[in-house]
Amino acid sequence: MKGFSRRGLLASTASTFVLSGLTGGGRAIAAAAIPANTTPHPDTEWRHYAADQANTRYSPLDQINGTNFNDLEIAWSFKTDALGARKEYQFEATPLLIKGRLFTTAGSRRDCIALDAATGELLWMHRLDEGQRALNSPRQLSGHGVSYWTDGTKERILYVTIGYQLVSLDAATGLPDPEFGTNGVVDLKRDFDQDIDPVTADVGLHSTPLVVKDVAVIGAAHTAGDVPEIRQNVKGYVRGFDIRTGRRKWIFHTIPLKGEFGYDSWVAGDAEKAGNTGCWAQMSADEELGLVYIPVELPTGDETGVFRRGDALFGESLVAVDIETGVRKWHYQMVHHGLWDRDIPCAPILCDIPYKGRIVKALAQPTKQAYLYVLDRTNGKPLWPIVERKVEAGDVPGEWYAPTQPVPTKPPAYDVQGVSIDDLIDFTPELRAQAVEFVKNYKIGPLFTPPVMSKPGRWGTISAPGVQGGTNWPGGSYDPETHIVYVYSKTQPSVVGIVANSDTSVSEFPFVHGIDGMRPRKMPRMGAESGGVDFRPPPPPPPRPGQKAGTFPGFLTVQGLPLLKPPYGRITAIDLTKGDIAWQVAHGETPDNVRNHPALKGLKIPRTGRPGNLGPLTTKTLVICGEAGFYTNEYGVRGAMLRAYDKATGEEKGAVYMAAPQSGSPMTYMLRGKQYIVVAIGGGNYSAELVAYRLPGRA
Amino acid sequence: MMDRNSKLHLWGSAGIGGALLLLGGAIAHAQGTARTVWDGVYTADQADRGKAAYGEQCAACHGPTLAGIDVAPPLSGNAFLNNWNNTSAGDLFDRIHSTMPLNNPGSLGAKTVSDIEAYMFQANGFPAGKTALPPSQPMMAGIKILATKPAG
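If you read the sequences in order, they're chains A and B. For the first sequence, the residue numbers in the working numbering are 1 to 699. For the second sequence, the residue numbers in the working numbering are 1 to 152.
Read the hints as simulated data drawn from the structure, not as lab findings. Please note: incorrect hints may appear among the correct ones.
[As the list claims (entries may be wrong)] On the chain A side, residues computed to face chain B include the following (Cβ under 7 Å):
no.	residue
1	Pro510
2	Gly514
3	Asp592
4	Phe630
5	Gly684
[Unchecked claim] Cut-off 27 Å, straight-line C-alpha distance, at most; resulting in silico cross-link-like pairs (DSSO-like, lysine-lysine):
no.	chain 1	residue 1	chain 2	residue 2
6	B	Lys149	A	Lys601
7	A	Lys601	B	Lys111
8	A	Lys620	A	Lys578
9	A	Lys604	B	Lys149
[As the list claims (entries may be wrong)] Chain B side only, calculated, beta carbon under 7 Å to chain A, not exhaustive:
no.	residue
10	Trp38
11	Pro64
12	Gly109
13	Thr131
14	Pro135
All C-beta atoms, glycine included, are put in the ideal place defined by N, C-alpha and C.
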């Protein structure tokens, strides 16, 4: 390569490697390297994170189907170890497929890459070394991928760096677009309606930009708020940028300013001082209606709301704003003044469904709390009634409790909500009896049972779904032909106890998430100075009745087995023509520690599924989803399976081996007569890899 | 079968080749009786040190009770145990040492990593013992992580 040297590349802050089709002047024509399709099967594309702006994660392809799924072979795989200064193990991206090229972010530095979709060969790579700014980011690693824009001539790939910069690249070459921002980069920490430090401010983003018309919509994410270090954290406003120039077109204040709609939902003065309230989830858009749908998280304090009193809009709300102006059209708050960390974690699925004799432009929002909220997306009104039900207040001094919470009447919850004795492990009467004793040390109750002050004998509230859901960031999938939503969820409860905190060097909050007797530990923002490292050992945890030495309160197991009954992970099909569950299956082979547990010897336990964060893919006939977490198979080999279910019935039609669990949701495409399924895997001791499957035979 | 004298003779005069032969036998023996995390592979003091280091270095992402958050996996409980079942303490050490904490990987130092690993073992219910986890990946490569306590 002309003028190329490793030293030169490393010395610059931004670099693009162009690995094919180099012509004069360092330009590349990567697209020309992709041969034309001469087969009768037209090539298909995958232009958005979840297939389309509606986030359906659906493709009508059927070359891979229930009769041949078990024949799938690895077409190619791409290990991401060399991207970034170290290996990555949490590869959450779904690549895009445009004109035979796959585009994604990858590696521990979140480089942006283009691959030949038939072979996995690297076409180009763009790398931005942001130094300390990236190391301070609350959202590290490779992120969820990239976005694509074209006006028919120009093609652009956009992604958000670890250090919260928006980059626009020429899709053919990977070179920054000189007409966008400053040399192809927009600093997202500026022009943010708040003055923040570009290096240390607590803001970043895993999600891909939402590209709609000529606008890139960008959310914001922050350090988790269990033990928030400070009260006045960065505010997670959402912005729209002109995709050609990088100029900010609009900003939506997720925490309303005085005089703006929603400000009055805060107790006086709290809105000004609150932070977070970002949108870290993917978003959806309807170009015809001209609306962007923004899922919003909580204001600062995931389980304590003493500094965000009131319903505090737009916390845990879905907000529809105008694509061109960012002006709010409607909003729907799914949890009032949340105390359970139920940020809306994923994009709503836009769906046109038959309802009472007409087709309704609707949306279906999967959530951590395992309700699928179905709203009219033109106005935010529920399709099936959602009723305000009275809920219990907790005992945290100074906390503000919402008297009611909205409860959907349809569709039914798709995972366990709240904890009752019936939900406890029951493989054997002995295990059930121990579980009954165990929960006497906690508060249990229905969904929306509040967190309580932690004390010996009542360590906290067992929250199910737990703080990670239910469903999390991958979201669901939707079949537009049958109007069925497919969603994965896990049954993994959390203990939510609250403890007093008087040490402002740990947190400015007087109450934080914790367990009595375990001194609240500083949960520093990534960008904070780490000075004053305290290596004094904390006091030993208090003894717990019936608890073995060496284990702690907050550890929800009975004889090492999960406290709640399986399934631990499941896929649910929800029929939106009826608002009912069509089928539900445990997803994932039974975990090793359950299969091998001495207390369960001789028992026949049906497949339990495994917990994780998974996004299913729907095709013409199948629902396809890899497993979460590792298991050891009958050959003694660790790994996970990529499984396919008959989408009509939930019957398993096949499964192929993966060396590691699904870490990013799968996508599919047809290229020169062959259907491919591509999925990101990794975790445990297996570093990140992108794997492409196809049927055997000539490529 | 060699008697004691022949062994000594080997050590004394057979040179490197013989020594390697014996060493090979020793390794085979060690593998035959490989230790697992259920055999008391860390000390309680070490876990206490690890707990303090965890609070400073890990809790921001993995949570104060090791339960994980939206962007970081749990380090305790069933999901953690099954993810690491049939790997080794050395594998886990390597992952932590080379990638954590995310904003300053490689900064912890081997001793702190082994302390944190000891704390994770304690939190997952593996018993403490009299010997600390060594601050070295190869030295703990023979300690198998088993999610379930082996019979007997």
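Outcome of the hint check:
The beta carbon of Pro510 of chain A is not positioned within 7 Å of any beta carbon in chain B (closest approach about 17 Å), and the interface hint is therefore violated. Satisfaction of the interface hint for Gly514 of chain A is found here, the shortest Cβ-Cβ separation to chain B being roughly 6 Å, below the 7 Å cut-off. Interface hint status for Asp592 of chain A: upheld, as the beta-carbon distance to the closest one in chain B is roughly 4 Å, under 7 Å. Using the Cβ-Cβ criterion of 7 Å, the hint placing Phe630 of chain A at the interface with chain B is satisfied: the shortest such distance is roughly 5 Å.
Taken as an interface hint, Gly684 of chain A checks out: its beta carbon lies about 5 Å from the nearest beta carbon of chain B, inside 7 Å. Taken as a hint, the Lys149 of chain B and Lys601 of chain A pair is honoured in the structure, with Cα atoms around 13 Å apart against an allowance of 27 Å. For the hint pairing Lys601 of chain A with Lys111 of chain B, the CA-to-CA distance comes to about 39 Å; that exceeds 27 Å, so the pair is violated. Between the alpha carbons of Lys620 of chain A and Lys578 of chain A the distance comes to roughly 21 Å, so the proposed pair stays at or under 27 Å and holds.
At most 27 Å may separate the alpha-carbon atoms for a hinted pair to count; Lys604 of chain A and Lys149 of chain B meet this at roughly 20 Å. Taken as an interface hint, Trp38 of chain B does not check out: its beta carbon lies about 11 Å from the nearest beta carbon of chain A, beyond 7 Å. Nearest Cβ of chain A to the Cβ of Pro64 of chain B: about 6 Å, under the 7 Å cut. The hint holds. The restraint placing Gly109 of chain B at the interface with chain A is violated, with a minimum CB-CB distance near 12 Å, outside the 7 Å limit.
The restraint placing Thr131 of chain B at the interface with chain A is violated, with a minimum CB-CB distance near 16 Å, outside the 7 Å limit. The interface hint given for Pro135 of chain B is broken, as the beta carbon of that residue sits about 16 Å from the closest beta carbon of chain A, more than 7 Å.
Hint violations for this structure: numbers 1, 7, 10, 12, 13 and 14, all remaining hints satisfied.
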